[in-house]
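**Student:** As a plain string of letters, each chain reads:
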Amino acid sequence: MISAGSRPRLAAKARLRWDRKGERHMLLYPERGLVLNATAADVVQLCTGELTVEAIVEKLAEKYPTQPREDLEREILTFLGRLAERGLVSDGGD
Amino acid sequence: MTEKPAPHDLEPRPYTLVAELTYRCPLRCPYCSNPTDWARHDDALSTEDWLRIFREAEDLGVVQLNLTGGEPLVRDDLERLVEGARALDLYTNLITSAIPLTRERLAGLAARGLNNVQISIQDVSAPASDRIAGLVSFERKLQAARWVKELGLPLTVNTVLHRDNLDHVAEVIGLAETLSADRLELANTQYLGWALRNRAQLLPTREQLDRAREIARAARKRLQGRMEVLFVTPDYYAQYPKACMDGWGRRFLVVSPDGLVLPCHAAHTLPGLTFDNAKNASLADIWRASPAFNAFRGEAWMPEPCRSCERRTIDFGGCRCQAFHLTGDAAATDPVCTLSSDHHIIEEAIRDAPAPAPAAFEYRAR
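Listed in order, the protein sequences are those of chains A and B. Going by my numbering, the residue at position 86 of the first sequence is 86; the numbering climbs one at a time, nothing skipped. Going by my numbering, the residue at position 34 of the second sequence is 1034; the numbering climbs one at a time, nothing skipped.
Since the hints were made in silico from the structure, they are not lab data. Source: prediction; values computed, not measured. Take the hints with a grain of salt, since some may be wrong.
Said to hold, decoys possible - To give a feel for the contact side, a few chain A residues facing chain B, derived at Cβ under 7 angstroms:
| id | residue |
| --- | --- |
| 1 | A12 |
| 2 | K13 |
| 3 | R17 |
| 4 | K21 |
| 5 | H25 |
| 6 | M26 |
| 7 | L28 |
| 8 | G33 |
| 9 | L36 |
| 10 | N37 |
| 11 | A40 |
| 12 | F79 |
| 13 | G81 |
| 14 | G87 |
Stated by the list, open to error - With a Cα cut of at most 25 angstroms, we get these calculated DSS-like pairs of lysine-lysine:
| id | chain 1 | residue 1 | chain 2 | residue 2 |
| --- | --- | --- | --- | --- |
| 15 | B | K1004 | A | K59 |
| 16 | B | K1242 | B | K1004 |
| 17 | A | K21 | B | K1004 |
| 18 | B | K1149 | B | K1221 |
| 19 | B | K1242 | B | K1221 |
| 20 | B | K1221 | B | K1004 |
| 21 | B | K1004 | A | K63 |
We treat Cβ as the ideally placed atom computed from N, Cα and C, and that holds for glycine.
Working from the sequences, and respecting the hints, build out all of it.
**Tutor:** Right under this line is the structure:
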């Protein structure tokens, strides 16, 4: 379960790569891949197990100053929740 | 923030290269997906050939590389191939029987950038697993699976399901949990090649299948976020065919040990199609322009009932190889489809399969 205090870490099986063909990021894992939009890729890059979700929200709020912070936090939490359901991130603080 | 399952675009683009490095294998599974005449195909591609194929594939859009066979570990240049794949930023998955594996070699592959290891386990006990594999191998497979996790690599366990092990699905799941697998593939046998020869011995009953599917469904829910549980239904018991290979020449490139570039691993068993060799032509030319890759793309080739069926963009008419091997016509509707005029072939196969009992297999030839 990912909450504001979690320190999300990308799973060993998942790897982010730039897709030249589609000019987008892809998150690859065995036999599958997810196409990420730019903000989703920003979040994944910060899932090192060191930053809390709150700190990730902070960083993205700096990068996207026009986005209301509450929206950003809610979006990041639901996005990370979906990745956790697929086993692609876990709480590094566990 | 969005994440969409790839591939989601409509244009043909290969995402996955299946590199069949060799058809040689220490196991003799009676459902082996290699061609029944596998020994006629030499390992004709050099290390340099394979590295060029990887580069050309990546250039076409491939992001996933499956190093498979046969048994890919029998090639002593596997380390260089993994290194080459890593340099291209490919997600590299080693699909192995784990039999010629040592901890040292696995550590070397991990250090060179291998991303995932998939190990086949044939059943949940040594006697049963070894009987299917045709080799004493079960304990060595478990040992190799433990090394995978000890070295920090993700582990996929793959178990091919059939009549003799379908009732052990709960134990297979338990075994995969014990091994801390990241992904479990419960893949029902596809009845082509060796498996078609052994169909009467392998085909399960509907009751077996329904029980196993329920167990897998419950496990998927329970293990969500820890272990991905995939259950591949046997299409003999499905209402509609599978989107075989996500459609002919849409998402997959397969290269056989002798260099044939194929839309699926069994395509070279189809008559009337000429497949080009990666030694003589570029992957890009073959992918885009070869008559064989274009033979079953799109909808123009489709017969009725596919042509006017609303599912034609979902299952693409099913499996061409199954259509040919069961009806004699590669362009027929896949007979597993209940709308196919040939569906009686499937119903008869199910009806004629003897009751579950240990059977004598025709093992894959050495």
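**Student:** Does each hint fit the structure? Answer for all of them.
**Tutor:** Results for each hint:
The criterion of a C-beta within 7 angstroms of any C-beta in chain B is met by A12/A, whose closest approach is roughly 5 angstroms, and the hint holds. A hinted interface residue such as K13/A counts as satisfied when its beta carbon comes closer than 7 angstroms to some beta carbon of chain B; here the least separation is about 4 angstroms, so the hint holds. Given the 7 angstroms rule on beta carbons, the hint for R17/A holds: about 5 angstroms separates it from the nearest Cβ of chain B. With a least beta-carbon distance of about 4 angstroms to chain B, the hint placing K21/A at the interface is held under the 7 angstroms criterion.
Among the interface hints, the one on H25/A is violated; its C-beta lies about 10 angstroms from the nearest C-beta in chain B, farther than the 7 angstroms criterion. With its C-beta approaching chain B no nearer than about 6 angstroms, M26/A sits inside the 7 angstroms limit, and its interface hint holds. At its closest, the beta carbon of L28/A sits 4 angstroms from a beta carbon of chain B; the interface hint therefore holds under the 7 angstroms criterion. For G33/A, the suggested interface contact is upheld, since its CB lies about 4 angstroms from the closest CB of chain B, less than 7 angstroms.
About 5 angstroms separates the beta-carbon of L36/A from the nearest beta-carbon of chain B, less than 7 angstroms, and the hint is met. Here the hint on N37/A is kept, as its CB sits about 5 angstroms from the closest CB of chain B, short of 7 angstroms. For A40/A, the suggested interface contact is upheld, since its CB lies about 4 angstroms from the closest CB of chain B, less than 7 angstroms. Annotation: F79/A was flagged as interfacial toward chain B, and the flag holds, the nearest CB pair being 4 angstroms apart, inside 7 angstroms.
The restraint placing G81/A at the interface with chain B is violated, with a minimum CB-CB distance near 10 angstroms, outside the 7 angstroms limit. With a least beta-carbon distance of about 5 angstroms to chain B, the hint placing G87/A at the interface is held under the 7 angstroms criterion. Restraint check for K1004/B and K59/A: satisfied, since their Cα atoms lie roughly 24 angstroms apart, inside the 25 angstroms limit. Proximity of K1242/B to K1004/B is assessed by CA-CA distance (about 21 angstroms); at most 25 angstroms being required, the pair is judged to hold.
For a cut-off of 25 angstroms, the pair hint linking K21/A to K1004/B stands: about 16 angstroms separates their Cα positions. Restraint check for K1149/B and K1221/B: the C-alpha separation of about 23 angstroms stays at or below 25 angstroms, so the hint holds. Restraint check: the Cα-Cα separation between K1242/B and K1221/B comes to about 23 angstroms, which is no more than 25 angstroms; the hinted pair holds. For a cut-off of 25 angstroms, the pair hint linking K1221/B to K1004/B stands: about 21 angstroms separates their Cα positions.
For the given pair, K1004/B sits about 23 angstroms from K63/A by alpha-carbon distance, which is consistent with the 25 angstroms threshold.
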